[in-house]
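Engineer: So the chains spell out like this:
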Amino acid sequence: MTDVSAEASPEPRSKAASLDRHAVRNRALLLTPAMLVLICAASGPLIFVVIYSFLTAGDYGGVIWQFSLDGWTSVFIERDIFDGTLSIADAHLSIFWRSVKLSLLTTLLAFIFGFPTAYFIATRPRKQRDIWMLLIIIPFWTNLLIRTFAIMEVIRNEGVVNSALMAIGIIDQPIQLLFTDFAILTGMVYVYLPLMVLPVYASMERLDFSLIEAAYDLYATRWQVLRRIIIPVVKPGIIAGSILVFVPSLGAYVTPRVLGGGTKLMLGNLIELQFGQGRNWPLGAALSITLLAIVMVALIIYVRKAGKEDVGHG
Amino acid sequence: MAKAFDLRKQTGFTPVAMLCFALLYMPIILLVVYSFNAGSAISDWQGFSFRWYEAAWQNEQVKEATVRSLIVAGAATLIATTAATLAALATTRGKPFKGQTAVFALINQPLMVPEIVTAVALLVVFALVKVQTGYTGLGYLILAHSAFCIPFAFMPIRARLQGMDLTLEQAAADLYATPWQAFRFVTLPLLWPGVLAGAMLAFVISLDDVVITEFVKTAGQDTLPTYMLGQLRRTVTPEINAISTALLAISVLLVVFFFLANRRKT
Numbered sequence: 001m002t003d004v005s006a007e008a009s010p011e012p013r014s015k016a017a018s019l020d021r022h023a024v025r026n027r028a029l030l031l032t033p034a035m036l037v038l039i040c041a042a043s044g045p046l047i048f049v050v051i052y053s054f055l056t057a058g059d060y061g062g063v064i065w066q067f068s069l070d071g072w073t074s075v076f077i078e079r080d081i082f083d084g085t086l087s088i089a090d091a092h093l094s095i096f097w098r099s100v101k102l103s104l105l106t107t108l109l110a111f112i113f114g115f116p117t118a119y120f121i122a123t124r125p126r127k128q129r130d131i132w133m134l135l136i137i138i139p140f141w142t143n144l145l146i147r148t149f150a151i152m153e154v155i156r157n158e159g160v161v162n163s164a165l166m167a168i169g170i171i172d173q174p175i176q177l178l179f180t181d182f183a184i185l186t187g188m189v190y191v192y193l194p195l196m197v198l199p200v201y202a203s204m205e206r207l208d209f210s211l212i213e214a215a216y217d218l219y220a221t222r223w224q225v226l227r228r229i230i231i232p233v234v235k236p237g238i239i240a241g242s243i244l245v246f247v248p249s250l251g252a253y254v255t256p257r258v259l260g261g262g263t264k265l266m267l268g269n270l271i272e273l274q275f276g277q278g279r280n281w282p283l284g285a286a287l288s289i290t291l292l293a294i295v296m297v298a299l300i301i302y303v304r305k306a307g308k309e310d311v312g313h314g
Numbered sequence: 001m002a003k004a005f006d007l008r009k010q011t012g013f014t015p016v017a018m019l020c021f022a023l024l025y026m027p028i029i030l031l032v033v034y035s036f037n038a039g040s041a042i043s044d045w046q047g048f049s050f051r052w053y054e055a056a057w058q059n060e061q062v063k064e065a066t067v068r069s070l071i072v073a074g075a076a077t078l079i080a081t082t083a084a085t086l087a088a089l090a091t092t093r094g095k096p097f098k099g100q101t102a103v104f105a106l107i108n109q110p111l112m113v114p115e116i117v118t119a120v121a122l123l124v125v126f127a128l129v130k131v132q133t134g135y136t137g138l139g140y141l142i143l144a145h146s147a148f149c150i151p152f153a154f155m156p157i158r159a160r161l162q163g164m165d166l167t168l169e170q171a172a173a174d175l176y177a178t179p180w181q182a183f184r185f186v187t188l189p190l191l192w193p194g195v196l197a198g199a200m201l202a203f204v205i206s207l208d209d210v211v212i213t214e215f216v217k218t219a220g221q222d223t224l225p226t227y228m229l230g231q232l233r234r235t236v237t238p239e240i241n242a243i244s245t246a247l248l249a250i251s252v253l254l255v256v257f258f259f260l261a262n263r264r265k266t
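Sequences listed follow chains A and B, in order.
Going by UniProt numbering, 163 is the number at position 163 of the first sequence; the sequence numbering is gapless.
Going by UniProt numbering, 217 is the number at position 217 of the second sequence; the sequence numbering is gapless.
What the hints contain is simulated information worked out from the structure, not anything from laboratory work.
Going by beta-carbon spacing under 10 Å, a handful of chain B positions derived as facing chain A:
#1 Q109
#2 M112
#3 P179
#4 E214
#5 P225
#6 V236
#7 F258
Glycine included, C-beta positions come from ideal geometry on N, C-alpha and C.
Isolated chain A, as found in the complex (with noise of 0.2 Å):
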C-alpha cells in the first residue's frame, strides 16, 4: 500500500516516471478515505451555513430557498414587532459583548494563574517535571461537562464556597454565585486553564536558565529577570496559549447554559437559540459565520506574531 517502491535505489528514467505516476495515485488514495469524512461532515457543511445566511426563514424553522439579506440585517438590527420601526439589536449586542468580555477576562485569568504554574513546572527537576504534566493534562482530558458540572456544585448556594463563607461568618447568607457571569467565568477559566498551562510550560522548557544567571551576575531584580528575559523567550507560548484559551471561550456553549442557567448566554446559546425556539435559521448561520471570522481573525494575529514558531498541543 505504500509507495516504498518509489524510493527504492535511483532507476531509469523512464521507469522513475512511471513509479512517480504510480506514487501519485498511491497517494491520492491513501488520502481519499480522510479527505472524505471531512469534506462530508466538517468543511463541506460550512459551505451550507454559509448559504443558509442568505436566504429567507421559514416559518417553522428551516429555509426557504429565496435570497434574503435579512439573517445578516438582523444580526445588529431588529424590526419591532408591533410598529415595524427598526433599532439596533440591543440583545444581540450585549450578548456578543458578554462574550467578548468573558473571553477577555477568562484568558487573562487563565494567564495569571497558568504562567506561575508553567514556570514551577519548568523549573522542576526533569524527573519529576513529567508527573507534574501528567496533573495537568488529566483534568484537561476529563469530559468537560463533567468538569462543568464539578464547578457548579462547588459554587451552588449549598456548595462549598458558600458554606465555607457562611462558617467563618463573612456572610449568614449564601451569596447567589451560579447563573451568574461569575459563574460563566469560573467555570471558563476553569475548564481552559490547561490550554493556557500547555503552551507556556512548552516554550518554557527551552528557556536557557543560565540567561537568568548572568542578569543576576549583573544586578537584575526579580522582576527585571521576569520582564526582561523570561517573558520575551516565552512570548510564543504565551501567546500561542492566549489563543488557545480565547478561540474556544468565544464560541462555549456548555459552560455558559449550565453556569449560566439559560438567562446569561453567550455567543454560542445565541446561535443554538435561533435553530432552536427562535426558528430563525439564517440569522443563527449569519451568527455563526461571525463568530467564525472572529476566530480566524484571531488565528491569523496568532499566526502573524507567533511567525514559524511551534504550538504545543495537547
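Please arrange chain B on chain A, whose structure you already have, making use of the hints.
Structural biologist: Quick look at chain B alone, frame taken from chain A:
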C-alpha cells in the same frame, strides 16, 4: 540565607502554582466524594453508600446511553484511525506534494472551527439528508464523530511515522517484498504504538463530545454526555455524580496509560 537564594525561583510563583493545582482538583474530588453519598441531596453528606451507583446501573436510560456512546465511539475510532493512518502514510512518504497545505488545512479544520459552528453546520446538512433519504439511524453521529476525531488520531500517528527509519522498508522492497508485504510486516508493526495512541485519543474525544452530539442526534439518541446535559435541567441527584465518576475513571485510565506508553518510548 544559605540555600534560600534559588536562581530559578520567582517570588510568589510556587504558591500560585500550588493554588492552581488545588483548584484544578478540588471540584473533581468533591464530585467523586459525593457520588458515594447515602443521602439524596448533592451537597449534604449523610454517610457512605454505593446507592447511586446501583441506581445508575439499573437505570434503563443510562444503560442505553452507555451502549450508544460505546457504539458511536467504537465505530468513529475505527473509521478515524484507519483514515488518519492512511493519510499519515500519504503525507510522510515521498517528497512534499502540491496541495499538501490544503490537505493539512482540511485535516486540522475541526480543531480550528468552533464546535458550535460545526454542530450547526451538521444540523443543517443532516436535516436535508434526513428528508431526502428518510434514514435516521446512528450513521450521522458516527460520521460526525469520525470527522472531528481524525485530527486527534492523525497527530500521534504522523509523529510516529516521522520518527521512523525508512531504510527498513527499502530493505524489504529490495528483498522483493510486495508493497503490501512491506507494509504488513515492516511498516505496520513499527507504526503500531502510534496507531494505538491515535485510537485512544479518538476514543476519549468521541466519548466526551457534548456539543456536536447534541445537535446531530435524532430524538431518543442520547449518548452519556447528552443524557447528563438533559438531566442537569431537572433536579440533580448524586446519580449524576456516580455516572460522572465512572466516565472520569475511564478517561483517566486511558490518559495515564497513553502517557506512560509514550514516556517509555522516548
